[in-house]
Amino acid sequence: MTYDLSELDRTLINSLQDDLPLTSHPFAVLADELKVSEQEVVDRIRRLRDDGILTRFGPFFDVEALGGAFCLCAMAVPNERFEEVLTKVNAYPEVAHNYERDHRLNMWFVLATESQDAIAGTVEAIERETGLDVLQFPKEREFFIGFRVDA
Amino acid sequence: MTDPTDRAIIEATQAGLPLVPAPFAVLAETLGISEQEMIERLKRMKAQGIIRRIGAAPNHYRLGLTANGMTVWDVDDAAVDTLGEMVGALPFVTHCYRRPRALPDWPYNLFAMVHGASREEVQAKRQEIAALLGSACRSGDILFSTRILKKTGMRLRRKAG
Chain A
1 MTYDLSELDR TLINSLQDDL PLTSHPFAVL ADELKVSEQE VVDRIRRLRD
51 DGILTRFGPF FDVEALGGAF CLCAMAVPNE RFEEVLTKVN AYPEVAHNYE
101 RDHRLNMWFV LATESQDAIA GTVEAIERET GLDVLQFPKE REFFIGFRVD
151 A
Chain B
1 MTDPTDRAII EATQAGLPLV PAPFAVLAET LGISEQEMIE RLKRMKAQGI
51 IRRIGAAPNH YRLGLTANGM TVWDVDDAAV DTLGEMVGAL PFVTHCYRRP
101 RALPDWPYNL FAMVHGASRE EVQAKRQEIA ALLGSACRSG DILFSTRILK
151 KTGMRLRRKA G
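Going line by line, the protein sequences match chains A and B. In terms of the UniProt record's numbering, the first sequence opens at residue 1 and continues consecutively. In terms of the UniProt record's numbering, the second sequence opens at residue 1 and continues consecutively.
It is worth saying that the hints were derived from the structure and are not from the lab. Keep in mind that the hints are not guaranteed to be accurate.
Claimed, not checked - Away from chain B, derived, C-beta distances all over 10 angstroms, residues of chain A:
#, residue
1, Ile53
2, Arg81
3, Glu94
4, Ala120
5, Val123
6, Glu124
7, Leu132
Said to hold, decoys possible - Each computed DSSO-like pair below joins lysine-lysine, with the alpha-carbon atoms no more than 27 angstroms apart:
#, chain 1, residue 1, chain 2, residue 2
8, B, Lys150, B, Lys46
9, B, Lys150, A, Lys139
10, B, Lys46, B, Lys151
11, A, Lys139, B, Lys46
12, A, Lys139, B, Lys151
13, A, Lys139, A, Lys88
14, A, Lys88, B, Lys151
15, A, Lys88, B, Lys150
16, B, Lys151, B, Lys43
These numbers were taken from a predicted model, which means no experiment stands behind them. C-beta: ideal position from N, C-alpha, C; glycine also.
Use the sequences and the hints to build the structure in full.
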């Protein structure tokens with residue numbers, strides 16, 4: 001679906017991928033730059049979020065820094081069971097993201113848990129509930145460069 | 001490293017910040033602390049790496065980046081870390097990880113995510129990665145996403161009591 005974004009919206013989306021300042025009025029600098037009020041900035045963010053242009057606005061937490069763990073997992077879900085399995089998998093709050101992909105392994109999700117041990121427990125629970133194997137691909141090393149999307 | 005107040009802040013903000021001109025004051029009031037303490041705690045959690053960033057997550061699909069390909073590669077173990085750094089530095093690679101193989105089904109140990117406006121564009125970028133990996137790479141595949149099934153980010157389970 002295409003969406004008609006105003007120039008202001010585009011500037012906002014690009015700016016909001018940077019870190020918000022930790023000050024009493026964190027939108028003030030941005031509002032100044034864009035020559036609109038702070039209220040206008042937050043109203044537009046709300047609209048972009050409600051319209052699904054932004055999936056989220058807020059702090060991004062690193063569960064590993066909290067002593068927890070992430071694990072990429074994959075399942076080969078029979079087509080006729082896809083929706084049923086999806087409902088079961090997504091019901092876990094530990095499932096942070098889930099994507100359907102065009103491969104025999106057609107469901108790929110990321111578990112985020114508060115402890116390293118909880119990954120195995122969550123995987124076992126999903127396997128028990130769905131009767132399907134869950135392959136685990138924990139990251140061994142991250143080669144990461146910050147990514148941003150230009151609106 | 002974190003105390004119950006930090007945890008309450010995480011629980012209160014993991015779905016998003018209040019969209020008001022002074023969001024930290026509003027949050028502080030709901031948690032019964034001062035705005036200054038709220039800001040100090042957020043700064044500390046950022047310094048500790050618990051908060052990676054405060055900002056927006058755009059929906060790639062809605063911004064026209066409708067093709068999302070997870071490229072996967074079976075790279076010689078002796079070369080994978082050096083090559084992984086190079087692949088991760090490519091401007092169109094959004095995430096790049098070394099992960100364990102799951103033999104015999106899954107021979108791939110390097111994962112690089114590529115976004116683009118079309119599958120053709122992503123395939124062309126995939127060829128650039130293949131060229132960079134060269135003979136150290138035995139095989140590869142690409143898995144395009146066909147649907148976002150969930151995208152909430154991390155959520156703490158609420159503790160009982």
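Hint check results:
1. Ile53: violated (5 angstroms)
2. Arg81: The claim stands: A:Arg81 keeps its Cβ more than 10 angstroms from every Cβ of chain B (closest is about 14 angstroms).
3. Glu94: A:Glu94 is in fact no farther than 10 angstroms from some Cβ atom of chain B, at 8 angstroms.
4. Ala120: holds (14 angstroms)
5. Val123: Answer for A:Val123: holds, closest chain B Cβ roughly 13 angstroms.
6. Glu124: Label holds. Min Cβ-Cβ 16 angstroms, cutoff 10 angstroms.
7. Leu132: A:Leu132 is indeed farther than 10 angstroms from all Cβ atoms of chain B, at 14 angstroms.
8. B:Lys150 / B:Lys46: Cα-Cα ~26 angstroms, so holds.
9. B:Lys150 / A:Lys139: OK: B:Lys150 and A:Lys139 at ~20 angstroms, within 27 angstroms.
10. B:Lys46 / B:Lys151: holds (22 angstroms)
11. A:Lys139 / B:Lys46: holds (22 angstroms)
12. A:Lys139 / B:Lys151: holds (19 angstroms)
13. A:Lys139 / A:Lys88: holds (24 angstroms)
14. A:Lys88 / B:Lys151: holds (15 angstroms)
15. A:Lys88 / B:Lys150: holds (12 angstroms)
16. B:Lys151 / B:Lys43: With Cα atoms ~26 angstroms apart, B:Lys151 and B:Lys43 stay inside 27 angstroms; holds.
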